[in-house]
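There are 2 protein chains.
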Amino acid sequence: VSPRGRRPAGEDTRGAIIEAARAEFAESGYDATSLRGIARRAGVDPALVHHYFEGKAGVFAEVMAVPFRIEELVKAILRGPEDEVGRNVVRTFLTVWDAPAGRTRFQLFVRGATTQRHIARMLREFLVREVFTKVARAAVPGGAELDPATTRRRASLAATQMIGLGMFRYVIELEPVASMPAEELVELIGPTIQRYLTEG
Amino acid sequence: VSPRGRRPAGEDTRGAIIEAARAEFAESGYDATSLRGIARRAGVDPALVHHYFEGKAGVFAEVMAVPFRIEELVKAILRGPEDEVGRNVVRTFLTVWDAPAGRTRFQLFVRGATTQRHIARMLREFLVREVFTKVARAAVPGGAELDPATTRRRASLAATQMIGLGMFRYVIELEPVASMPAEELVELIGPTIQRYLTEG
Chain A
1 VSPRGRRPAG
11 EDTRGAIIEA
21 ARAEFAESGY
31 DATSLRGIAR
41 RAGVDPALVH
51 HYFEGKAGVF
61 AEVMAVPFRI
71 EELVKAILRG
81 PEDEVGRNVV
91 RTFLTVWDAP
101 AGRTRFQLFV
111 RGATTQRHIA
121 RMLREFLVRE
131 VFTKVARAAV
141 PGGAELDPAT
151 TRRRASLAAT
161 QMIGLGMFRY
171 VIELEPVASM
181 PAEELVELIG
191 PTIQRYLTEG
Chain B
1 VSPRGRRPAG
11 EDTRGAIIEA
21 ARAEFAESGY
31 DATSLRGIAR
41 RAGVDPALVH
51 HYFEGKAGVF
61 AEVMAVPFRI
71 EELVKAILRG
81 PEDEVGRNVV
91 RTFLTVWDAP
101 AGRTRFQLFV
111 RGATTQRHIA
121 RMLREFLVRE
131 VFTKVARAAV
141 PGGAELDPAT
151 TRRRASLAAT
161 QMIGLGMFRY
171 VIELEPVASM
181 PAEELVELIG
191 PTIQRYLTEG
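First to last, the protein sequences are chains A and B.
Under our numbering, the first residue of the first sequence is numbered 1, with each subsequent residue one higher.
Under our numbering, the first residue of the second sequence is numbered 1, with each subsequent residue one higher.
Careful, some of the hints might be misleading.
[As the list claims (entries may be wrong)] Chain A regions said to be covered by chain B (calculated; three or more residues, Cβ under 8 Å): (1) 101–113; (2) 144–155; (3) 188–194.
Worth flagging that the hints you see were computed from the coordinates, not collected in a lab.
The structure displayed is predicted, hence computed values, not measured ones.
Backbone N, C-alpha and C define an ideal beta-carbon position, used for all residues, glycine too.
Using the sequences and the accompanying hints, generate a full structural model.
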């Protein structure tokens, strides 16, 4: 044991960080949790948390078993011209959750969010900060600056459509939404997301 | 006890019908359950089930503690010109679930649908048959006939947006959607529903 009570690096350390992060996120939500707080609870140096997970979003994704890397997801959505962002949101969403085990994970998310308030809060703060506001900001034609309230309204409108799609495709399994080819849904729902992100 | 094993009318009979219906819906889903089957299980005359609940949708609403009468809800949505149907869907939805106890009931629905497959199935079949296809059919400009597949696709697309709105307003409580005035949401989301119901 080191004099400062810190653990050596290794697999146990990684696990200890994840457990500490789980507790911190549950207690304080996503926004108020810091890498420093996670490190303190895990008894490791903050640099080690950064080394393993590249930042708060990375730790959170690990804790929630999110099956993708957030930065890559956002990058995939913002690839291509501005007027394709809506379609890209739907396409990326379906690529992630249509993948093996995606359905089960989506069900777990929704179940967690509906039965435990702290999970609802963590997910909400995480989705808004790390995904939706980034996308909403990037979808502004010509890259103009948006006020935070508008960004947030657009982001949350898009979120309602996407979670509803997930509810019917993966949880309630309503046909034809449940088994429609992904590209059909991209064409049908993409324009809605585009409108929310640019006019909402 | 009557020779045919039937109960006399009264409050206990009403309760017995609801219990019988709960079991029938859980076993067979909404579509395959009949008033006759419910009556047989409750040991009453089918006419009595009709007398108390006016039909299958009425029994189901009672079983699920749905806080509205389906026919009146559909009537409210279809009031006014065709190009107002989308806004009316959002307005009626918010009137029902923004009402006292509405939030709690919506949370119970979603929790039931995510944790018990038979509840998901019942809700899905009920919503499609009694609400969404009726609305999708009525939204066709000029009242033209629609093929069932198109009706169903339009209905289920609208359903994804509406349940997603409910998820963020009543369960995950994402701002600004959670506390935005209803009429603002009507203006923002109504056009999406209108597009799904007429072009989806």
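Against the structure, the hints:
1. 101–113: holds (count 4)
2. 144–155: holds (count 3)
3. 188–194: holds (count 4)
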